[in-house]
Amino acid sequence: MAKFLAIYDADPFASAFIDNCMEKGKLLKNGGCQYDVISQSNIGPAVLGNSFAAIKKLVFDEKKVSWEELKQAMEANWEGEDGKRIRKLCKEAPKFGNDEDEVDGIVADIFESYLELLPAYKTDRTGKGPEISCYTMSTSNITSYVPNGLDVGATPDGRMPIPPLNEGCSPTQGTDVNGPTAVIRSVAKLPNWKVAAGQLLNMRFAPGTLAGEENLHKFVGFLRASQRMGIYHNQFNVIDSKTLRDAQKHPEQYTDLIVRVAGYCAQFVSLMPETQDAVIARTENVW
Amino acid sequence: MEKGLISTIQGYSIKDGPGIRSTVFCVGCNLRCRWCSNPELMLPGKKVMRFSLGGEERQQEVGYEIESRALAEKLARDRMFYAETGGGVTFSGGEAALQWKFVAETAKILSGMGISSALDTAGDVPWEVLDAVTEDMEYVLYDVKTFDDAMHRRCTGRSNARILENLKKLAAKGRMLIIRMVIVPEYNDDLEDVRKRMELVKSLGACVKRVDILPYHTLGKGKYQRLGIPYPIKGKEEIPQTYWNEFRQLGVGISIVIAGEHG
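Residue numbers (numbering that gives the first Met the number 0), protein chains in the order written: chain A, 0 to 286; chain B, 0 to 262.
The hints are simulated quantities; they were obtained by calculation from the structure and are not laboratory data. None of these values were measured; they are calculated from a predicted model. All residues carry an ideal CB built from backbone N, CA and C; glycine is no exception. Take these hints with a grain of salt, some might be off.
Said to hold, decoys possible - Partial pick of chain A residues on the chain B-facing surface, computed with a CB cut under 10 Å:
1. K2
2. P179
3. H216
4. A265
Stated by the list, open to error - Over 12 Å on every C-beta distance to chain B, these chain A residues come out as not near it, computed from the model:
5. K62
6. R84
7. M136
8. P190
9. L222
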C-alpha cells in the first residue's frame, strides 16, 4: 500500500503545508513528513474473538467437539449432518457485543496483542526522512471488511466462508441481540483510548426510536453516556422500509436491528410477520 | 434473598417512564384484558411459544428465575444511561405487583445503588401490597382502563373498585404518577366514560406527572398464535382520526400525550 501511495498519492500540494517537506525537499509520502504516523487498519477483531470464544467453550471447557472435528467441519464449509450440528453449537457460543465479560475480554486481548506487536513494524519511510515514522492502530477500515471476508473461509464462530468480517470494532453483523446499551458496554471494555487512528463503531436505529423531541433527547443522553464510557467514535444508521423488507427475507443477517413497535422497542426479526408488516407500514407513513 | 420469575429485560426502553430505562417483564397477571399484548405473561409459570422464522421451526421459552440481587446487578450495568437521561428501571409484566416481595427487594437494592425505579401496574392488589412494593420507587405507571365497573368487568374480568381506590391512596401519599390509558374500539372507547376517567385523574392533583394515551394495537396477535390461544378481540382494529378530535375536545383541562403522535 505504502509503495503505491508513494507513487500515486505523493501529493505535492498537501506536502507544501506539512512541516519538514520543504526543508527536506521530499514529498509527504516520500519521507518529507516530520511525524509520519500511519493508521494501520485492523479488520475482523470480533470474528476472531468470537472464534476463540467458541473454541474455548466447545473444545476446551465443555469438550463437546474435538479440534479435529471442528477443523473438518469448517473445511467442509459446515456441510453434512456433523457440519450442521457443529455449526449450530458454534453459533450458540457467546458473541462479542452482548455485555458478556468472557468473550468481550477475549476481544480486548486481541486488541492488546495487536497494540503490543505494532511498534515492531517499520514503515517504508522509517529512516528516510521523518523524525518518527511508525504505525498506530485503527479499526476505521471503511468497507474493507467486505472484500476481506471473501478471502476468509469458514470461521469457528459459525460464520460461512465469503460473507463480510465484522465492521470496525462493531459486533459481527447479527450477533448482538441485547440491544444498543449492551453493545456500548461491550465496546467500552476494549482499550479504546489506545486505538489512536479511529475506533469505529457502527449502530443501526429505526427512525421511530428517534422520532419526536423527547426521543431525541433520550438519544442525546445515550450518546453522552457512551462518551463517558470511553466511546469516542460512533456512527448510526436510521433504517428505512426497504431494509426492513430485506430483513424479512433474510432475518439471519438482521438480528441486531431494533425497531420501535408500539410503546416499546424490540428486535425486528423476532417479531411475528404481521407485526413486522405493521411496523413497515407505519414507518412509511411517518417517513 | 427473594426469587422472581421474569421473561425479559428490555434495554433502551423509552416508553415506560422518564429517560432511558430497562423494563423488566414479570410473569403472571391477575387481570384478563381482552386486548392484552403480552399474553405469554398472563399465566404464572414458564411456558413455550412455537413459531417459524426464516423457514426454520423454532421455539422460545418464556420465563426464568432470578434472585433480586442478581437482577439488580444486571440492571445496574446500564446505570450510566439512566444517569445521563434521568431514567432507571421499570417493573412491568404481567402484573409486577403480584411478585411484590421480589420486586420490592430488587427496587430497594437498586435504590441503594442510586438507581431510580418505577412500577407499571394495573393496581388490582391489596393496598398494603401496593404500598409496600412502591416503597423504594420514584414513579408509579398506573393503568386506568375504565371508570365504569361493569365495563371494567367486561374488559378485564374483574371489578375496578379496588383499582380506583388504590389510585386515590397512591395520590394521597404523594407518589409521582404517570397515568396510562389504552383505548380499544368497542371495549373502552366510550367518550363519556373517558371523560369520567379524565375527571378522576384531574382530581388526583399535582402528583400526576403525565397522562399517556395508548391507542390499541394488534401487534400482540402473533403471540396468541404462538401460544395456541384464539385472539380475543373482534371488530374494529383502527381508531379513526375523528375519534381523537372528539377525544381532545373533552375539555377537562389536563394535558395528555397520545402515543404515536410527535409534536
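Hint check:
Contact between A/K2 and chain B, as hinted, is not supported at the beta carbon level, the nearest pair being about 45 Å apart and thus beyond 10 Å. For A/P179, the shortest C-beta to C-beta distance to chain B is roughly 5 Å, which falls under 10 Å, so the interface hint holds. Interface restraint check for A/H216: the shortest CB-CB distance to chain B comes to about 7 Å, inside 10 Å, so the restraint holds. Contact between A/A265 and chain B, as hinted, is supported at the beta carbon level, the nearest pair being about 8 Å apart and thus within 10 Å.
No Cβ of chain B comes within 12 Å of the Cβ of A/K62; the nearest lies about 26 Å off, and the non-interface call holds. Against the 12 Å criterion, A/R84 stays outside the reach of chain B, whose nearest CB is about 15 Å from its own CB. The Cβ of A/M136 sits about 25 Å from the closest Cβ of chain B, beyond the 12 Å cut-off, so the non-interface label holds. For A/P190, the condition that its CB be more than 12 Å from all CB atoms of chain B holds, with the nearest at approximately 19 Å.
A beta-carbon of chain B comes within 12 Å of the beta-carbon of A/L222; the shortest separation is about 9 Å.
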